[in-house]
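Participant: Listed below are the residues making up each chain.
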Amino acid sequence: MSLVIEGASLLGEGTTDLYVDDHGMLVDSAPAGAERIDAAGLVALPGLVDLHTHLREPGREDAETILTGSRAAALGGYTAVLAMANTTPVTDTAEAATRVWELGREAGLVHVQPVGAVTRGLGGEELAELGLMHRSRAGVTVFSDDGRCVHDARVMRRALEYVKAFGGVVSQHSQDPSLAGPAACCHEGELSGRLGLPGWPGIAEEVIVARDVMLARHTGSRVHVAHVSTAGSVDVLRWAKARAERDGTWSVTAEVTPHHLLLTTDLLAGYDPTYKVNPPLRPQEDVDALREALADGTIDAVATDHAPHARHDKEHAFVDAAFGMVGLETALAVVRTALPQLSWPDVARVMSATPARIAGLADQGRPLTPGSPAHVVLVEPDAALTVDRDASASLSRNNPWHGRSLTSRVVHTVYAGRVTVRDGALVDA
Amino acid sequence: MKHLLSVDDLSADAIQQLFETAADMHDVQRREVKKLPALRGRTVVNMFFEDSTRTRSSFEIAGKWLSADVINVSAKGSSTSKGESLRDTVLTVCAMGVDGLVIRHPASGAALQVSEWVDASVVNAGDGTHEHPTQALLDAYTLQRRLGSLEGRHVAIVGDLTHSRVFRSNIQCLTRLGARVTVVAPPTLMPSGVGAWSAAAGFDTSYDLDDVLRRDGGPDAVMMLRVQRERMTGAYFPSPREYTVGYGLTRDRLAVLGPDVPICHPGPMNRGLEIAADAADAAQSVVLEQVSSGLAVRMAVLYHLLAGESEGGMA
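So the protein sequences, as listed, match chains A and B. Letter by letter, the first sequence follows residues 1 to 429 in the working numbering. Letter by letter, the second sequence follows residues 1 to 315 in the working numbering.
If you're looking for bench data, these hints aren't it; they were derived computationally from the structure. Backbone N, C-alpha and C define an ideal beta-carbon position, used for all residues, glycine too. Take the hints with a grain of salt, since some may be wrong.
As the list claims (entries may be wrong) - Some chain B residues close to chain A (C-beta under 7 angstroms, calculated; not the full set): (1) S85; (2) R87; (3) L91; (4) H105; (5) S108; (6) A110; (7) L112; (8) G128; (9) T129; (10) H130; (11) P191; (12) S192; (13) G193; (14) V194; (15) W197.
What the hints assert, rightly or not - So, partial list: chain A residues that the calculated Cβ filter (under 10 angstroms) puts toward chain B: (16) R135; (17) C186; (18) L197; (19) V207.
One chain only, chain A, in its complex shape:
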């Protein structure tokens, strides 16, 4: 069905109408008989793209399914998400990747792009079927053992070399297991010392980031640093990006999560597993460095690391509880709250255009101009949003934002010309 979006503020500037034809493409004139959306006062952005989502299907459908995760994504303004490979079974074959891709298509609310595992079973030793996953209908281009670090330098080198054949990218969970032990769960510092929680030192991330950018340089490949969390990593990235740009034969990109832009390690003082994430929440000085790096382009993208968990998986002692928090529905508001000075074109860059480019999703993150697929999110920019975890479309409630006030609200989401969210509510609900 064709669509007219009336009076939107395109990237926060000017006012325009957007026209969508029956094929879900933006066109330059109003189609006859089109459905209308009044977007006066709303900011129009390209649909958001998430480089880092855990959808839990297959294996933990009690925590999330591809359908429920897609619903949460649509409510958050997303039109594409990359589904991480640490499912049960692991997405490490063409068949597994294709199945995720098909379930995403059946859900039909966002583009669900599977991420393939780097190593078989996330074991860190043998390469997964990287080429077959790429050749499959799913067309996998991003590979990650997320949740675990590819810590063997030789395996990481081979993975980077191998994916060069088809322009793939390895997204690394940077955590040296010899520096952050198996129980590491709290930023190593005064608080972890006082609380007696196993420390997860920033250096455990930074040495892997440093190693991987050197391996990417050596192999002439692409490395993507998942969920950067420390100022030290930012320093390494700043150096690496300058060198990569000069050399022109390799590249390094990086993402930061919304929660690492706003929450600090102090929240762990009460041992609430809601705030247990990997990498852990860091002190304010790291948060400040991450904000600055996102604003100046050292960090390329915001990625949610949406990690839904069933309630009982969080109702353990802190060190035993599952890592992760949900984030798809609140990401835009958290970014706006953490970085109110970020311009709307910059928001579109870090949450849509650049993630789409990193993931190789050619029809996502494009400017809202005629000839592009109509992936659009419409945002009420100054709305005060009080988060209610029980209002979530996700199956899980591990929501750190419950009860908090955030700025900006996703009002409508359009995926390939189809309205998936209208007036803040799912259209399929």
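Fit chain B to the given chain A structure using the hints.
Facilitator: Leaving out everything else, chain B in the frame of chain A:
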């Protein structure tokens, strides 16, 4: 006060009030019939998710001498190996009408988390590497009986600080009672961020045990900590021999201490590693006195938490 989760829950006055009750309980230990009716009709469950002999026995005897119905639940591994959450495990036990829950857990913060889920009074009997408040209370009680008062006294705490919940509770307890504390360990066994922490909490740090033992007349008491080799997954020190040379309370160091300086150890002791047999068995060693004090302190804690207003409990 409904729970005892941390020494931080107690003011100096509350600690002294507990010590006064503990002194009365100490007298019970010398009676022929070691029984008070204070907790008759109350049910206390000792729920231990981690092996323990002395602490569990101490709480069990304390509860029984106060006439509580005491049940021991060895819950080691139950919540994880059978797939049940900690919350479900403790709610199941507490649904049986439990008044007091004494919990030991290998995870830091577990007692605090449990206290948020259950109606029973919760006593933290050791949570991971976080706190062991009754151990700190019994240590301070023992030293106060020996030294008269802790105000202005200098206590050295020596050993594996990183993995010690005893140290974390003792820092709070001793400084709250006016003691000056120096903690001594190799840098690898100092907790992360100890510099900022010590500045805020008002204790000193040192890597040099001999300097601490000799400087300014030496400490008024020495508290040795067990080297928790079972928690050590990395290279914390080169060899047991090197540790003993640097940080053990050896015969030579014992000679430096005055004969009236109490030596504490929370047990179990690694004789020959952190403490020489000569020191462990010296007349000034209060190790066994700590055990009997522990019983008195735990009786006092259970009494104050569970006896209720009419029995003189803390509100």
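Participant: Hints first: check each against the structure and report whether it holds.
Facilitator: Results for each hint:
1. Interface restraint check for B:S85: the shortest CB-CB distance to chain A comes to about 4 angstroms, inside 7 angstroms, so the restraint holds.
2. With 7 angstroms as the threshold, the beta carbon of B:R87 comes within range of chain A, its nearest partner Cβ sitting at about 4 angstroms, so the hint holds.
3. Because the beta carbon of B:L91 sits about 10 angstroms from the nearest beta carbon in chain A, more than 7 angstroms, this interface hint is broken.
4. For the restraint placing B:H105 at the interface with chain A, the shortest Cβ-Cβ distance is roughly 6 angstroms, inside the 7 angstroms limit, so the hint holds.
5. With a cut of 7 angstroms, the hint placing B:S108 at the interface with chain A holds, because the nearest CB-to-CB distance is about 4 angstroms.
6. A least Cβ separation of about 4 angstroms between B:A110 and chain A falls short of the 7 angstroms threshold, and the interface hint therefore holds.
7. Satisfaction of the interface hint for B:L112 is found here, the shortest Cβ-Cβ separation to chain A being roughly 6 angstroms, below the 7 angstroms cut-off.
8. Proximity of B:G128 to chain A holds as hinted, the smallest CB-CB distance being about 5 angstroms (cut-off 7 angstroms).
9. Interface restraint check: B:T129 against chain A, minimum CB-CB distance 4 angstroms, threshold 7 angstroms, status holds.
10. Taking 7 angstroms as the C-beta cut-off, the interface hint given for B:H130 holds, the closest approach to chain A being about 4 angstroms.
11. Interface restraint check for B:P191: the shortest CB-CB distance to chain A comes to about 3 angstroms, inside 7 angstroms, so the restraint holds.
12. Because the closest C-beta pair between B:S192 and chain A is about 5 angstroms apart, less than 7 angstroms, the hint holds.
13. Because the smallest distance between the Cβ of B:G193 and any Cβ of chain A comes to about 3 angstroms, under 7 angstroms, the interface hint for this residue holds.
14. Hint on B:V194 holds. Least Cβ distance to chain A is approximately 6 angstroms, under the 7 angstroms limit.
15. Against a cut-off of 7 angstroms between C-beta atoms, the interface hint on B:W197 holds, since the closest Cβ of chain A lies about 5 angstroms away.
16. Violation of the interface hint for A:R135 is found here, the shortest Cβ-Cβ separation to chain B being roughly 39 angstroms, above the 10 angstroms cut-off.
17. At its closest, the beta carbon of A:C186 sits 9 angstroms from a beta carbon of chain B; the interface hint therefore holds under the 10 angstroms criterion.
18. Taking 10 angstroms as the C-beta cut-off, the interface hint given for A:L197 holds, the closest approach to chain B being about 5 angstroms.
19. For A:V207, the interface hint is violated, the least distance from its beta-carbon to any beta-carbon of chain B being 15 angstroms, above 10 angstroms.
In the structure shown, a violation is registered for the earlier hints numbered 3, 16, 19, in ascending order.
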